Amino acid sequence: MSWFRITLHRSAIGLPERTRGVLMALGLRRRSQTVFHPVEPQFAGMIMKVKELVLVEEVDKPKTQAELREERRPEPGFYLEKAVPRHDEAALFSSRTRGSVLAAVQAMESEEVRL
Amino acid sequence: MFGMFRITNPLSGGLLWKSPWRMSKFQKLRQRRRLRAVDSVVAILDAALAKQGETLKALERWKEEMPTEAEMLPKDKYTMFDRNAKRYRKSVHKLPKWTRVSQRLNPPGY
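Listed in order, the protein sequences are those of chains A and B.
By the UniProt record's numbering, the letter at position 78 of the first sequence is numbered 78, and the numbering carries on one by one without gaps.
By the UniProt record's numbering, the letter at position 69 of the second sequence is numbered 69, and the numbering carries on one by one without gaps.
Hints may be right or wrong, so weigh each one.
Unchecked claim - Keeping only pairs whose Cα atoms sit at most 20 Å apart, straight-line, the calculated EDC-like set for lysine to aspartate or glutamate is:
hint	chain 1	residue 1	chain 2	residue 2
1	B	Lys63	A	Glu40
2	A	Lys49	B	Glu54
3	A	Lys49	B	Glu60
4	A	Lys61	B	Asp46
5	B	Lys57	B	Asp39
6	B	Lys51	A	Glu40
7	B	Lys51	A	Glu58
8	A	Lys49	B	Asp46
9	B	Lys94	A	Glu52
10	B	Lys51	B	Asp39
Read the hints as simulated data drawn from the structure, not as lab findings.
Computed from a prediction, not measured in an experiment: that's the story for all the values here.
Bound conformation, chain A alone:
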């Protein structure tokens, strides 16, 4: 059984009472709130009524509130970027040619270390 993952993307402020009623019936109260409903014509019809306001995906199983929260958690840890040696920096700014600047930028990017 598959499910619709429905996220309210646009607010229904100022829209007709019927539209807001459909959102209430879907269980969407605030923007970026996500609900899951089974793939059935009834729910498809409700989504059809508010298709301009929601983002929809088809998923295999619904997620709990805790799993949704976990999804939004940023990745732990941090990126360590090595400082570019001073003489290289001077070379980068003194050289006017585009190719050498690009090469230097690529070198800096490759030094980026993931911890």
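We have chain A already, so just place chain B on it with the hints.
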């Protein structure tokens, strides 16, 4: 005529809201994105229901009648019919709540 007490529309009439008569290229870009977003929602609904062998009258009707973003003419994406406007067309951003309603079809011939 000039200076602090010149007669301008906001001074003589109070509140005046102006909106440009045509959309900027950025408004048009966002409008296209919104049209495509609605298209994708409809496509997802259709695919999900088709997998289960179900269908929906509203969905069938939408697919039958409504052009997708790629099928629409620029004229229909950015302007809409208005019987009072010059040459019967006004920019679609004059439509109330225009970013949250679907306005794709216009009377044939206009």
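Given pair status - aspartate 46 (chain B), lysine 61 (chain A), alpha carbons within 20 Å | This hinted pair holds, its Cα atoms lying about 19 Å apart.
Please work out if lysine 49 (chain A) and aspartate 46 (chain B) have their alpha carbons no farther apart than 20 Å.
-> holds, 14 Å
Taking only the CA atoms, is the gap from lysine 94 (chain B) to glutamate 52 (chain A) under or equal to 20 Å?
-> Answer holds: lysine 94 (chain B) to glutamate 52 (chain A) is near 18 Å, not above 20 Å.
For the pair supplied as a hint, lysine 51 (chain B) and aspartate 39 (chain B), is the alpha-carbon distance within the 20 Å limit?
-> holds, 18 Å
Straight-line alpha-carbon gap lysine 57 (chain B) to aspartate 39 (chain B), limit 20 Å | Distance ~17 Å between lysine 57 (chain B) and aspartate 39 (chain B) Cα, so the pair holds.
Restraint check for lysine 51 (chain B) with glutamate 58 (chain A), where alpha carbons must lie at most 20 Å apart | holds, 11 Å
Please work out if lysine 63 (chain B) and glutamate 40 (chain A) have their alpha carbons no farther apart than 20 Å.
-> Holds, at about 18 Å.
Is the hinted pair lysine 51 (chain B) and glutamate 40 (chain A) satisfied, with a Cα-Cα distance of at most 20 Å?
-> OK: lysine 51 (chain B) and glutamate 40 (chain A) at ~11 Å, within 20 Å.
Assess, step by step, whether the Cα of lysine 49 (chain A) is no farther than 20 Å from the Cα of glutamate 60 (chain B), and give holds or violated.
-> holds, 14 Å
Is lysine 49 (chain A) within 20 Å of glutamate 54 (chain B), Cα to Cα?
-> Roughly 18 Å between the alpha carbons, so the hint for lysine 49 (chain A) and glutamate 54 (chain B) holds.
Every hint from the earlier list agrees with this structure, and none is contradicted.
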